[in-house]
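Chemist: Listed below are the residues making up each chain.
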Amino acid sequence: MKKIFLLVACCMTLLFGMDILSNPFSKSIPAIKTIQGPVLIDRLNENDLKMILFYSDISSSHIEAYTVDSTQVTPLDTTYTSYTEGFIENSQNLLLLEAVNNYRALEGLEPISYYHNYIEINGYGFLSLTKGLSTLYIIDLSTYAVTCPTFDSAYALDEQYIYQISEGEDCYYILSAAANSYKAYWYALNKNDFSLSDSKQLSPPSKALYRNQYAIDETGTSYFIGNHSLLIMTLDETINLPLSFNPDSVYFNEGKIYTFSTSELFLSYAIYDPKLGLEDTRQVNLPNKFVTLIGCHIKDDILYTLTYDETHPLYRNYITLYNLKDHNMMYCLALKLPKNMTLALQDAHYD
Amino acid sequence: MKFKSFFYIFFIILVLSWSLHFVYLYLTPHYTPKVKPVDLKPLLSKPSFSSEDYQLIFEQTGLSQPIVDELRLSADFEEQLCKFQRNYLAEIKVYNIYMPPATLCQMVGSSPSNKVQAFTLAPYHNGYILFTDATHSFGLRHGHIGLVVDEIRGLTLEALSPGTVSCLQNIHKWEFYPTFKMLRLKDASPSLMEDISNYALAQLQGLPYNILSSKKQKIPYTTHCSLLVWQAFYPFGYDLDSTGGYFVLPQDIIYSPFLEVLQIYGLNPIED
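In order, the protein sequences belong to chains A and B.
All residue numbers in the first sequence are consecutive under our numbering, ending with 351.
All residue numbers in the second sequence are consecutive under our numbering, ending with 272.
Heads up, some of the hints might be wrong.
[Stated by the list, open to error] Listed next, with one range per pair, are the computed distances between beta-carbon atoms:
no.	chain 1	residue 1	chain 2	residue 2	range
1	B	K93	A	T143	53 to 59 Å
2	A	T292	B	K46	37 to 43 Å
3	A	T143	B	S189	21 to 27 Å
4	A	N102	B	K93	32 to 38 Å
[Unchecked claim] Here are a few chain A residues that sit away from chain B, every Cβ distance over 12 Å (derived from the structure):
no.	residue
5	P111
6	E159
7	D236
Since the hints were derived computationally from the structure, they do not count as laboratory data.
Source: prediction; values computed, not measured.
Glycine residues also receive a C-beta, built at the ideal position from the N, C-alpha and C atoms.
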């Protein structure tokens, strides 16, 4: 009987062991040492490349961060946590939550452990839930003192996603998307006391749904993607700006408006100055056919893109840098995926 | 001695049945319908459908009458139905991914780096319930369930796993599971569905995951995937737990008599 017992126990161990070995329960399986694939193009010269990439599992509970420079991709020891629209260092997240929950306790509200969006501007952190301006917490990052906007606007209490915030001379401008609606809301918050000085309801094109399809500049002008166009809403007028391509995303960065689209082979972009003068519009080569743009960033005339390749058997992501002055691809790095992880959308921090 | 023998036999039976069940879970991640593809085009061009027509469409596409009627309003109705049919009847590959602490989740494709969109979601609206039985822990196929809360921006509200809080998710991730069921309240008005999804969006976001959460919370402060769906409907007079008791599992919800099935994929339409 004992032999049978032992035999069954061995079989059981073997079976369970096989399952464990096929999954990352097991620490005995060496974790993937590097996600770095080949550098396909390197014309960086003196330009520096520094990025942090975030990979997460399907539930965003397991997050791996990697620093990327031109020569290596290194796993980061720092632990990160997620909020709906992005990732944040765990230690910073705890400080923010403590500050906000202390404020909420004084207001007689339940503590929170998760939030929708977090945007840092010039020493202030804007942490938002989805209940409009009543759950927008403005945190002074030097003291962690928390303030909530004061407002008198009916739709400021609507369920909404705060997508973009910009800093103007006297105001912070906020652009949010109404839940379950194509509507957007625009607010101006007085910088001194965070009181609402102006607000309006906007009607963006139905194509503009997500955060990277909304943008706002430092004068409070809002930008939305449309069909072969950008819809621009200044404080006084609405402008429909036709484009030669059908845009997927729009960004405001360092005084310029950038809009992008990908096709089978090319990344199309257009750059406008604040007066809506066209500075440049081009098509540049994508790193492979049929890749999907999952994030981009512009700094010092360099366009950083993150793409996902559905077809390549080994390399699923590319980091590609383009010089917007001469329109050349200046760097392209292929990346493997860490086991069971995917590069989360809009997930890179750029230094 | 007798007790020892009894213990050994009991242990062996327990282990063997658990092992067999585990193997069974591995081998049956997806049900491919045992029907031959039928050319639906002649049927789809008819001016109206009989109940037999709807039944045939369901067997071939996994879409039930309300969805067929909704899709019928679109210009490319026939094309769309044929695409649903192709996906529904196709054989697929499935791989497992690990979700801490002890759950395996099955996804369509050959590996995590080669995941495949298995099917297309039928038109969805606020208040619709999405279910998959693709997740299992310790040999128990418990599945996962979520609620559509923003049909325009394609967002569901879900409680995912221990250590996380209930949060918004992109609805299209459901198209990568090997099994799927979409349900809604029978005969509910669109305004009630809106009220339910608005309540969920306002009250059930950011709740910490606790598998032992009770249904008796006056104001919800913890949740898990099926409890979250239950908590969304309960204040509106719908107790979706078809079995009652302390725990509510995803299966308890999908068999609720208050619900009707709108779309299935990878599940046996009779047994699941």
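Chemist: If a hint holds in the structure, say so; if it doesn't, say that too.
Modeler: Structure-based check of all given hints:
| no. | hint | verdict |
| --- | --- | --- |
| 1 | K93/B / T143/A: 53 to 59 Å | holds (55 Å) |
| 2 | T292/A / K46/B: 37 to 43 Å | holds (39 Å) |
| 3 | T143/A / S189/B: 21 to 27 Å | violated (50 Å) |
| 4 | N102/A / K93/B: 32 to 38 Å | violated (51 Å) |
| 5 | P111 | violated (10 Å) |
| 6 | E159 | violated (5 Å) |
| 7 | D236 | holds (28 Å) |
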